[in-house]
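Based on the sequences and whatever the hints tell you, model everything.
This is what each chain is made of:
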Amino acid sequence: MTASSGTGPSLTTAAGPAGPPAAEGRRRSRLPRAVRSAGGALSAAWLVLLLLGSLTAPLWEPYPVDDQEPLHTLAGPSGSHWLGTDQLGRDVLTRIAAGSWISVGPVLLAVAVAFGIGIPLALTAAEHGRWVERGSSRFAELLLALPSVIILLAFVGAFGVHPWAIMTVLGVLLSAPVYRIFVGQAQSVRTLLYVDAARVNGVSSLRVNLRHVLPAMATTIAVQAAQLFAIGILIEAGLAFLGFGPSVPSPSWGGLIADASQSVYTDPWLMVPTGLVLALTVIAANVLADTVGGERERERKRAAAARRAKRRAARPVVAGGTAARPASMTAGPVAGTVAAADPDALLDVRDLTVAVADGPALVTRVSFGMRPGAVLGLVGESGCGKTITARALPGLLPEGVQVAGGSVWFAGRDLAGLPEHQLRAIRGREIAMISQEPMVALDPVFSIGYQLTQPIRRFRGVGRAEARRIAAELLGQVGITDPRRVLRSYPHQLSGGMAQRVCIALALTGSPRLLIADEPTTALDVTVQAEILSLLRSLVKTTGLSVLIVSHDLGVVADLCDDVAVMYAGQVVEAGTVAGVLGQPSHPYTAALLGANPHVAEGLPVPDRLPSIPGTVPAPADWPSGCRFAGRCALATAACADPVPATRAHGAGPGGTGIVRCIHPLSPRQEPHQAHGLPVPRPVEPGVTS
Amino acid sequence: MLTYLARRLAFAVATVLAASVVSFLLVHASGSSPGAITAGAGASPAQVAAENHRLGWDQPLVTQYLTWLGHAARGNLGVSLIDGHNIWSDLLNRLPVTASIALFATLLSAIFGVLIGVAAAVRGGRLDRLVSVGSGVALSLPQFWVGILLVYLIAIKWHLLPATGYVTFSASPGQYLQSLALPVITLAITGTAIIARTTRTGMITALRQEHIRTLQALGTPPWRIRYVHALRFAGGPVVSVLGIQFIALFGGSVVIEQLFALPGLGQAAANAIDNSDIPAVQGVVIIATVVVVITNLVLDLVLAALDPKVRTA
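Top line first, the protein sequences correspond to chains A and B. The opening residue of the first sequence carries number 1 in this note's numbering; numbering runs sequentially from there. The opening residue of the second sequence carries number 1001 in this note's numbering; numbering runs sequentially from there.
Hints in this document: simulated from the structure, not taken from any laboratory.
Below, in silico cross-link-like pairs of lysine to aspartate or glutamate (DMTMM-like), each with a Cα-Cα straight-line distance of 25 Å or less: (1) B:K1309 to A:D525; (2) B:K1309 to A:E133; (3) A:K541 to A:E531; (4) A:K541 to A:D344; (5) A:K541 to A:D518; (6) B:K1309 to A:E141; (7) A:K541 to A:E430; (8) B:K1309 to A:D482; (9) B:K1309 to B:E1210; (10) A:K541 to A:D482; (11) B:K1157 to A:D267; (12) B:K1157 to A:D259; (13) B:K1309 to A:E437; (14) A:K541 to A:E473.
All of these numbers come straight from a predicted model, not from anything done at the bench.
In structure tokens form, the structure reads like this:
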């Protein structure tokens, strides 16, 4: 951070806005992209023109620099003097042009010096580990803590006005923030696999730096250079304005403004041209940095999203073997188009369609139901719309995604049609949620006590002390043995499992009837997973809570759920009781999921390779009108290209009916756990589903 | 926490020492000598040498530095070569002027910057774009240029405020505020733009955090989500930028004090350099560094207090 960059905006603050985070990309996307890059292009053009113009100024200046016209002093713009004349009748355009190189050139030098020192230092520090890094970081911190403008002035006081030398000193001072920014980046680039590989292969360290590390930092260098340039221009102008700038043969822009300020009372116009040129140059540099930086942010975001997708895809789809509990048939999912809402159901989702605003649907005509006290599992690979479906129920869809059709009947009301403030009254009180990543689900700056008592007081209308007592009680209920201590802690002091327990306690603050748990154990260690699952099971048993679990883990579903709905590409492809669906799958996709189960039944040989489902879930825009799984299904025929209706399956219980969405469902006799008998095709790689 | 504090303090002292060495070396490397200034123009080399001897300039560098440091540590920065005034008391008299400007400008930037930044982040749309463009322009305008423009419009054309000069608080609180208004507004324009941008980015980042979704799932009222949780989350960066702003305003005051004829530290720096008043230059560097270092120290403590990870460590 620039401790003191004096007249200009400090580097840090300029760095803040530099990368309008990609998140904002969407927010700004109403502004056409072309305009934004046009801003960048215009800025670049202005800077290039300025540079060329300043270098060639003597060739095109309309008048000799010191040509005075005593009869034409302080004239406004005219045909002969486009920007007017000054106190001595000198042409303003000529003066600006003549002063341009001495305004811009030394600043370029300052930027070059800052990078010339800062980057090699950062590379060395990144390469030579802790001690070198610590030493140079201390040095940089020291430079940052010096009042740079005062130091510059002291330098002027000692050596007189030498623009190039002064800007060299500024460059040295600015090398500290440059170092600060790049040392972190250099370190992380060096840990990238391919850079590491090059090093291990004996490529010289200079070559590693030149070939790999520097190119990876190129965008940041460009952004920082543009920003430093803007800061430098402002500092230089400030010094020149004070009279510490070049004066012969022609002053720099800051000096011109100082001249103009002499007659501002009588002739304010004189301030305008130079001020504008100066401001435009700084704006151009900042816009350029914004544009380049924005591009970089977007790339980074894209890369991160791709990595996340890959990580999720790499998770094996795990089946829980044959341990499915005998499920009650009471809460069977309801098929597509039944007319009236089931009066006994707690939740009855009908033909729910969720879509991106003016975009493709992410979830189409999803239907399922839940009885009070039942546990329903929503399973499928990543990207099938499980989380979107779950979030749509209490109206917590991400911005830009909305319910486009269907209904969500909950306790006699259609939540899909409720306005936001009525939904807010339901959230927490009747429907609560716990999320995938407990470590980031709690506010890092507030204590657990505050975060628990706040909703307790709101939901139950009790005082502070009583709320704290209830909070401790809830923590006890979710299996925390030392509630007092946990209440005093902050999220960073908790383990993942502990944090998930706190999140569950938080969800219980409003005594909801339905708990939506989105992959509640995915981010946790295996042993902790089991603990959280047994906690959920005991909560269902003791409180009569209904739970909707979103999971890719068939083991979790088999273990915990009464009913299951298998989702594929935004549709429910098979639903019914756990015993029915997982014991005798009808849909080839369900069977394939079960076949990709890494658990090996006793007595069977361990396969060399784990079967996996080839291909990936198609993106919403690419869904075929027929069966969406057909492209990956070994049993697909030409008939699968036609729309497939949901048909009843898995018997009809008193409460609901199972369904399957396949024109040639597997017969119950086909044994689901013998891979060769199933449409589980060619194994690809162990544990990888796609 | 205590070791952290000790480390920061040690670093602060080191910074001040480094600044003193830098300014000392700068002055001695320049080739000019105090004797040439006190003896006046047209003095013979012998007279200059005699003056230098009187001022101790002919002693070894280390001796001179240690003597100077010893005096400085006891609050004695020597006397001005020009008018013989005590530099320490002169700078001490000037400190309130610069501190007033920097403090008021930081305060204004904080209030308006946070308001504008929050509004831009929460409202989005047209207001957000307006703030983005407006703050971008405000950041790019040279402060002295804005200052001159304000003087022209507000003081000269509309006669609303005095153009230049300074009235002490004890002389007249009302006139004191009036005399500070224009310089403070000038500085606060840039400051507001910077704080608004930081706040906006911070709020947008905060509102996208997973824990905000937890709060939404609990039906937490939107005002509480925005102004308690998100704003608190965005607070850290805003506070640290505010600290940097304050420091930058102290340094940047040179230009503004010159422009508005304010008798502050910046004016002292400019005068000392104009007159090659060597002890005064050294004094200004030291005082400015001390201010920066103290601000950084306070900033570190505030940030540590805001961050439970540091606080509970």
